[in-house]
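Given these sequences and hints, build the entire structure.
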Amino acid sequence: MNTSLQVIKRAVAILLFIGAAIVLVQLIGDLNRVKLLKSDRAELQHVRYGLLDADQWVARISTVIEKRVGEFELTEDNRAQVVEVVEQVLDSMLVEIERTLRQRNLNSGGTWVDQLQGALQQSVQDLLIDFEALRKKVPRYAETVVEQLSQPATKQEISARLIALVRQASTANFAKVDRTALDAVLARHACADTTTCARLLTDEIDAKQGPLNTRLGLLAGLLVLLLWLCLSAPVAGRPAKSDGASVDAFKLLLLMGASLLLLLGGILTPMLEIDARIGTLTLVLLDEPIIFTDQVLYFQTKSIIDVARILAETGAVDMLLVALLLMLFSVIFPAIKLIATYVYAVDFRQARASSWVRFFALRSGKWSMADVLVVAMFMAYIGFDGLVSSQLRGLARVDDAASTQVLTTNGTALEPGFYLFLAFVLVSLLLSTVLERQCAETHQT
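Under this note's numbering, the letters of the sequence shown match residues 982 to 1426, in that order.
The set of hints was computed from the structure by calculation and includes no laboratory data. Keep in mind that the hints are not guaranteed to be accurate.
Below 20 Å or equal to it, Euclidean Cα-Cα: the simulated EDC-like pairs (lysine to aspartate or glutamate) are [unchecked claim]:
| # | residue 1 | residue 2 |
| --- | --- | --- |
| 1 | 1016 | 1275 |
| 2 | 1048 | 1036 |
| 3 | 1118 | 1159 |
| 4 | 1283 | 1072 |
| 5 | 1157 | 1128 |
So, in structure tokens, the structure goes:
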């Protein structure tokens, strides 16, 4: 009966481990899919395609101009003021035309023949054009111009002229934004515009959040049950020691496997997300608001593997060294130490006689920096969160005098990869304790 119970427990432990492995594979895939979706959404909402894009300003200003010009109507309240302004413009034009013509005729220079010709031209001009009479007719001309301002065709022409001037100024003073990355994201998700695409990505991310949380909880539950089953009672046919539960090679193998699963989850999924953005910027122009929303200033969400790969791709010697050290002390050393400690504990093929096995099993603890990395990541999170919050607070302001409002958002957060890596560190510490006890029991027997 006892043997049958031990077989059942062993079968359940194997099923728990297989279930945890399957859930972890699905979790890694989903987390990396969400990472790509978030990165694509950040690219769509990047500030270089919004606030820093002159074309976006031209489009928004053009909309304001078309609206304000289209809404312009002459009323009893503004007609007199508009007519007065037009009269001043027309009068100034006549004065400037008369001055220019007179200056050209009387200051012709050259020989006396040229001067005589200029004087004659001025006399003919004074005879044919009576500027004083024209100035008296300015009010009538102004009335005609003002009437034309209310015509739809005139409004359209004014709008077109003003928009052309704005576009010309933009082209002359600002460089075109490279939209290669943006177009690639739109093509990847088969979207026509950035607003629709960002909304679709947000909906997909939100839809995946529930299953992600479920898988995280399921993985934690399976591993907790596995650890409890391995540490609660012996599965071999020997009785428990009086000083605590003994753990045989089978249980050690499952514990090591659970620890390696957590390590894989920790290094293959994002650990820290940094998201700094301008939530809303509102600028009032001609009593019309110009609004920019969700302008991403900086966004990164990377796993340990991603960071090492990016560092290696730079090709710089110092970056290659950092990538190598990151992989060596945070991934390779912890994994080798776990395997070597297990091999040493069960003395697989007299592995205890190997100096390499003894080194990794007994002396490599101080070289394994996994726990230090966890602390470093947590401190980096605190530092980044504080830095981003401080900088965004300096940017955010509400200026009633300038009719400008800036609202910022700090989305810095620890990702599931951090918690999986933290769980790996804790489980590996537990496994080390169990293995030390196993070794001590072996020596006693």
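Outcome of the hint check:
Among the hinted pairs, residue 1016 with residue 1275 is consistent with the structure: their alpha-carbon atoms are about 18 Å apart, no more than 20 Å. Proposed proximity of residue 1048 and residue 1036 is supported: the alpha carbons are some 18 Å apart, at most 20 Å. Restraint check for residue 1118 and residue 1159: the C-alpha separation of about 55 Å exceeds 20 Å, so the hint is violated. This hinted pair does not check out: residue 1283 and residue 1072 have alpha carbons roughly 68 Å apart, beyond 20 Å.
Pair hint residue 1157 plus residue 1128 does not hold up; C-alpha atoms about 40 Å apart against a cutoff of 20 Å.
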